[in-house]
Amino acid sequence: MVATAPSVQPSSGETTRARPRGRWAGPIYSIAPTLVLVALFLGPMVILLYYSFQKASLAGAGGWTFDNYTSILTDPTYAKVMLTTIVICTISMLIMLAIGLPLAYILAMRTPPRFELLLLLMLVIAEELNPLIRIYAWRMILGRGGVINWTLQTIGLIDEPIDSLLFSSTAVIIVLSTTYISFTTIPIYAALKAVDPDLLEAADDLGASFFTTCRKILLPLAAPGIFVAIILVYIPLFSEFAAPALVGGTSGYMIGNAIQEAILESGNRGVGSAMSFMLLVLSGAVAWIGYRMAKIRRLQATS
Amino acid sequence: MSTQTEHVGGDAASVQAGGGDGAALSLDRVVKRFGEVVAVDGISFDVGRREFFSLLGPSGCGKTTTLRMLAGFETPTEGRILVDGKDASRLAPHERDTNMVFQSYALFPHMTVAQNVAFGPQRKKLARREVEQRVQDSLSAVRLEGYGKRYPRELSGGQQQRVALARALANQPSVLLLDEPLGALDLKLREEMQFELKRIQREVGISFVYVTHDQGEALTMSDRIAVMNGGIVEHLGTPEEVYLRPASLFVAGFIGQTSFMRCRVESVGADGVEVAIEGGHRSRSARADAGVVVGADAVVVVRPEHVRISPTEPPAGEAAVPVTVLDEVFQGSVVRYQLRGPGDLRLAALVPLDERADVHPGIDAWATWSPEWGYVLPAAADELEGVASAEPPL
Chain U
64 MVATAPSVQP SSGETTRARP RGRWAGPIYS IAPTLVLVAL FLGPMVILLY YSFQKASLAG
124 AGGWTFDNYT SILTDPTYAK VMLTTIVICT ISMLIMLAIG LPLAYILAMR TPPRFELLLL
184 LMLVIAEELN PLIRIYAWRM ILGRGGVINW TLQTIGLIDE PIDSLLFSST AVIIVLSTTY
244 ISFTTIPIYA ALKAVDPDLL EAADDLGASF FTTCRKILLP LAAPGIFVAI ILVYIPLFSE
304 FAAPALVGGT SGYMIGNAIQ EAILESGNRG VGSAMSFMLL VLSGAVAWIG YRMAKIRRLQ
364 ATS
Chain A
37 MSTQTEHVGG DAASVQAGGG DGAALSLDRV VKRFGEVVAV DGISFDVGRR EFFSLLGPSG
97 CGKTTTLRML AGFETPTEGR ILVDGKDASR LAPHERDTNM VFQSYALFPH MTVAQNVAFG
157 PQRKKLARRE VEQRVQDSLS AVRLEGYGKR YPRELSGGQQ QRVALARALA NQPSVLLLDE
217 PLGALDLKLR EEMQFELKRI QREVGISFVY VTHDQGEALT MSDRIAVMNG GIVEHLGTPE
277 EVYLRPASLF VAGFIGQTSF MRCRVESVGA DGVEVAIEGG HRSRSARADA GVVVGADAVV
337 VVRPEHVRIS PTEPPAGEAA VPVTVLDEVF QGSVVRYQLR GPGDLRLAAL VPLDERADVH
397 PGIDAWATWS PEWGYVLPAA ADELEGVASA EPPL
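Going line by line, the protein sequences match chains U and A.
According to this note's numbering, the first sequence is numbered sequentially starting from 64.
According to this note's numbering, the second sequence is numbered sequentially starting from 37.
Everything labelled a hint here was simulated from the structure, so no lab data went into it.
Fair warning: this is a prediction, and the values are worked out from it, not measured in the lab.
There could be a bad hint or two in this list.
A short, non-exhaustive set of chain U residues, derived as facing chain A with CB atoms under 10 Å [unchecked claim]:
1) V258
2) D259
3) P260
4) L262
5) L263
6) A266
7) D267
8) D268
9) L269
10) A271
11) T275
12) K279
13) P283
14) L284
15) A286
Cβ atoms here follow ideal geometry from the backbone N, Cα and C, with glycine treated the same way.
The whole structure should be built from the sequences, with the hints applied where relevant.
Quick look at the structure:
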């Protein structure tokens, strides 16, 4: 007893002396990552912004101008690409919600606990698949000699293979809506997991059909998760370029492809940067709206 | 042990328990099995209109499963459930005229109190004015007028409990089902709410089926109590019947504090039963179960509040056993004694302060009770094992 007492005291004294240092440790340690973030994210963004206001020139910068923006805003081609992008992204998002909502409900409320983790794990592993491999897999399924055409031809429903399956906006939508299912499902699953299952029984008991329970109880309580899913999925969809490039053809040409073409193929850094920056602003707006709504809904749900 | 003894009829309180057509709720040989496990093993009873009916029992006795079958969350494996005389055994919860108050309250967190209460009436497609009227009536029945715009999270536990009650009442069901609704409240609030629930039940005139494991709660509020154990109803009767004339050792041990004394039945007569208590006097008990036969092993059941302590041996013929005083605890209006009798017998006595005897721990004395308070139950000697002991929770 006596022997241990002195050894305890110095150590506790040390921790008291360490405390003032601890108070400053947070800010000190966070300076480095902040600098890295500023350098790696804000830096390129400033360069992007700079180029978007520069005249096109092989040297890089040819003087200040608004031409890049005015040409994008006045050229109907860009308007069409923008519209295609919004339509494809929105339909894909809606399809993913249509799959993700019931999936999240089944996972969170209707799956026996011993299978729940397994199913979640499968969902995450599916996400880990390389996106390019996924896209090529879809090409094999949707192509001229693909599984769908082959099956339809074999059972005699069609004589000639359907070409429009691949290289169309439909193909892009199919590929994209299978890409982010996990990112759509998991936030909604998390929101539903926090819902007391008794609420469903209470709604049933009070006279609500399953549909009414979904609309009046589950959907409002899942809303924070839905908005998080939208932030996580809808925004990355806008900058998608691999899927439209590989399965999109001309009707599935998206803003991401336009940016890639402008910068890498036409060498038009100014227009490419301007488009990138406009996309950034659009994404920011969507994120901000989603964030606000998620926050409002969460307040309503908990207060 | 008797399987299902129904002490119905005869008493004033059970008159309102309507049978057959007049019943708000009827269970007819209802069985519920989950795979191999039999949760409810063939129970039948009626709940009368305006009756406060309790299902009382320890956890795992089948009371909650029974309630969930009444609500429609579980389907009976066998038997029928009638609500208002109509077969509701297979109806979904939203198709039957019952409403439930959940132990967790299950209030919708994203809705205000008024929206919660309006949820049921709105599902019935009632006119807007009617819905508002019902919300107002229900909230005033539970004394929460003016709380309509609050969210459940802004209310205390007791207030949330009242909202849950108001929400179920707003649907004006034939039967209100309550699943241990006071379980989450602290003791003082729980006692207040017991009287409050009883008042509300009288005012709205709806049958209540109340599930609880708290015998005090059941005794305080109920018109009748069904004591359940192992999936069957061991005793169905008024609180008085269940307390004073328990149908089985289990009921005797579960309801209230009880001392069990082994005895042999000497004679059975019109004015009572004569028993020889193990190690004690041969005495008469005014009340006995119908199953008591001469020469058989039996048990005398005595409540602690009926036991008195005498320093000297009472005259022969008076019910008494010799005891050693183990402990004496002053509890205000009463003094609690722990006594050890012949064999392993443990006795508890609650003696009013003014009847306190001059005994102290370590002293040998006699425990006595008047013949009308000793209730004789048939019991084989080994049946006493495992039955709730008289060990007082000090």
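Hint check results:
Contact between U/V258 and chain A, as hinted, is supported at the beta carbon level, the nearest pair being about 9 Å apart and thus within 10 Å. Because the smallest distance between the Cβ of U/D259 and any Cβ of chain A comes to about 6 Å, under 10 Å, the interface hint for this residue holds. The beta carbon of U/P260 comes within 9 Å of a beta carbon in chain A, closer than 10 Å, and the hint placing it at the interface holds. For U/L262, the suggested interface contact is upheld, since its CB lies about 5 Å from the closest CB of chain A, less than 10 Å.
Given the 10 Å rule on beta carbons, the hint for U/L263 holds: about 9 Å separates it from the nearest Cβ of chain A. The beta carbon of U/A266 comes within 7 Å of a beta carbon in chain A, closer than 10 Å, and the hint placing it at the interface holds. Evaluation of the U/D267 hint against chain A yields a held restraint, the C-beta minimum of about 4 Å falling below 10 Å. Satisfaction of the interface hint for U/D268 is found here, the shortest Cβ-Cβ separation to chain A being roughly 5 Å, below the 10 Å cut-off.
Evaluation of the U/L269 hint against chain A yields a held restraint, the C-beta minimum of about 4 Å falling below 10 Å. Because the closest C-beta pair between U/A271 and chain A is about 5 Å apart, less than 10 Å, the hint holds. Among the interface hints, the one on U/T275 holds; its C-beta lies about 7 Å from the nearest C-beta in chain A, closer than the 10 Å criterion. With a cut of 10 Å, the hint placing U/K279 at the interface with chain A holds, because the nearest CB-to-CB distance is about 7 Å.
Using the Cβ-Cβ criterion of 10 Å, the hint placing U/P283 at the interface with chain A is satisfied: the shortest such distance is roughly 5 Å. Of the supplied interface hints, the one on U/L284 holds, with its beta-carbon coming within about 6 Å of a beta-carbon of chain A, less than 10 Å. Hint on U/A286 holds. Least Cβ distance to chain A is approximately 8 Å, under the 10 Å limit.
Consistency note: the structure conflicts with none of the earlier hints.
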